[in-house]
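> Starting from the known structure of chain U, fit chain S onto it as the hints suggest.
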Amino acid sequence: MNTTRKALGLLAASAGLTAGVAMASDDGTRIHWGPYMVDDKRSGYTYAGAQTRAMQDDDFQNPAFLWLERGADIWETAAGETGQACVDCHGDADEGMAGVGARYPVYFEDWGKMMNVEQRINWCRETQMQAEPFAWESEDLLGITAFVKNQSKGMPVNVSIDGPAQPFWEQGKAFYEQRRGQLDLACTHCHVDHEGTLIRAETLSQGQSNGFPTYRLKWQTLGSLHRRFRGCNRNIRAEPYPYGADEYVNLELYVAWRGNGLPVESPSVRK
Amino acid sequence: MTSIGVAILGRLPAIPVAGLGVGLGMGLLLAGSGALAASEPLKPFTVVEGYTVPDPLTETPGNPEHGRKWVINRKLGNCLSCHEMPIPEEQFHGQTGPALYGVADVYDEGELRLRLVDPKALNPYSMMPSFYKVDGLHRVRRGFEGKPILTAQQVEDVIAYLMTLRDTSKRQ
Chain U
1 MNTTRKALGL
11 LAASAGLTAG
21 VAMASDDGTR
31 IHWGPYMVDD
41 KRSGYTYAGA
51 QTRAMQDDDF
61 QNPAFLWLER
71 GADIWETAAG
81 ETGQACVDCH
91 GDADEGMAGV
101 GARYPVYFED
111 WGKMMNVEQR
121 INWCRETQMQ
131 AEPFAWESED
141 LLGITAFVKN
151 QSKGMPVNVS
161 IDGPAQPFWE
171 QGKAFYEQRR
181 GQLDLACTHC
191 HVDHEGTLIR
201 AETLSQGQSN
211 GFPTYRLKWQ
221 TLGSLHRRFR
231 GCNRNIRAEP
241 YPYGADEYVN
251 LELYVAWRGN
261 GLPVESPSVR
271 K
Chain S
1 MTSIGVAILG
11 RLPAIPVAGL
21 GVGLGMGLLL
31 AGSGALAASE
41 PLKPFTVVEG
51 YTVPDPLTET
61 PGNPEHGRKW
71 VINRKLGNCL
81 SCHEMPIPEE
91 QFHGQTGPAL
101 YGVADVYDEG
111 ELRLRLVDPK
121 ALNPYSMMPS
131 FYKVDGLHRV
141 RRGFEGKPIL
151 TAQQVEDVIA
161 YLMTLRDTSK
171 RQ
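So the protein lines, in turn, are chains U and S.
As numbered in the working numbering, residues 1 to 271 make up the first sequence, in order.
As numbered in the working numbering, residues 1 to 172 make up the second sequence, in order.
Chain U with its partners taken away, still in its complex shape (with noise of 0.2 Å):
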């Protein structure tokens, strides 16, 4: 597959969303947010200033898009001591991996809890390709898990906390829900009890995850969901967990969980 066509086929994979919507309506008062808002949930993008989300409407101004074709170069690139690449097993990625983001976080059965988007990729490449693992944030897993969800994009999020996952939703939700840090707030008080409201000249959002990977412009590259979970965590003056812990991997099912129907806007732009 040559670039221009992978190129194409990204744009067509995310057409679905880009048409239509943010129309403010005819007396100029209210926006009709269209699929980024479900009954009161509301992405992160309809809290955006009009350019940021002009920046993610437009494919070819979404710098996200760049790590999207180093995702798709990853997906038919060998690697390991197998010499096999994820296109061997998954075949094309808009049809094996269409709904994966916006199921995961899934429970696994081999580690007995759950597992993102992130740390399946490098289960894949560990267990199957036997080749070493990306480092979190690094370009190369940004880039493959962009791609990945993005092969999901428009579709509603629609995360499970049935059965096994159960017990781990409930560790999300407490975590949610628990003050912390010097500051002493819980998840739920700026994203639940007030949002809407304003931080200074920041509107506090629902702090949904559908976007995520998101092009974050404060810093100026694509980030996962954990490195805004840390961020955040560090803003209320509370020690963050590292990477890939089980803390953060409940807490985005949680969070998840929380956005379900929304539409997976993976790799989105935000302030």
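Everything labelled a hint here was simulated from the structure, so no lab data went into it.
Computed from a prediction, not measured in an experiment: that's the story for all the values here.
Do not take every clue at face value.
Ranges between beta-carbon positions, derived for each pair [said to hold, decoys possible]:
| # | chain 1 | residue 1 | chain 2 | residue 2 | range |
| --- | --- | --- | --- | --- | --- |
| 1 | U | Asn158 | S | Asn123 | 49 to 55 Å |
| 2 | U | Lys218 | S | Asp105 | 35 to 41 Å |
| 3 | U | Gly154 | S | Asp108 | 53 to 59 Å |
| 4 | S | Pro44 | U | Thr203 | 24 to 30 Å |
| 5 | S | Thr58 | U | Tyr243 | 41 to 47 Å |
| 6 | S | Arg166 | U | Thr197 | 24 to 30 Å |
Glycine residues also receive a C-beta, built at the ideal position from the N, C-alpha and C atoms.
Positioned in the frame of chain U, the structure of chain S alone reads:
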């Protein structure tokens, strides 16, 4: 009438929010143990009738000009992150908490002092940080353990500044 214990007991209803039963045990365990050895112990304060801390934390009276700086400073009070105040040179006052124009017409010094040192003694569900409290906190970030957000003197300075806000018209 009552002592520091009230502030700690006042936190008990917060435990369902905290979501972890161990919060209760920790709170009691830490109560009275004071700050970590590396930090200066907090000055004790007395909550009276459950709604006020009438005695200042320091002998030096609060300085309202200093207090005005602390409420702006993002690494200290950072009060502007949530509250609007008559500070026109600063853009973008937060609106998550109530605006503080005329707050001195509503509360006296002692009532403001309790709201600063431990607002959750009044409302266990409050989002507002306790600015002069180190016990019963969870996973405080390295470097901040055992330290209150504001020093006792800074608390008094902020109170002195807030006591100048006697006009609700925003023209101050």
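> Against each hint, give a clear statement of whether it holds in the structure.
Here's how the hints hold up against the structure:
| no. | hint | result |
| --- | --- | --- |
| 1 | U:Asn158 <-> S:Asn123: 49 to 55 Å | 37 Å, violated |
| 2 | U:Lys218 <-> S:Asp105: 35 to 41 Å | 39 Å, holds |
| 3 | U:Gly154 <-> S:Asp108: 53 to 59 Å | 57 Å, holds |
| 4 | S:Pro44 <-> U:Thr203: 24 to 30 Å | 40 Å, violated |
| 5 | S:Thr58 <-> U:Tyr243: 41 to 47 Å | 43 Å, holds |
| 6 | S:Arg166 <-> U:Thr197: 24 to 30 Å | 26 Å, holds |
Comparing the model with each earlier hint shows violations of hints 1, 4; every other hint is respected.
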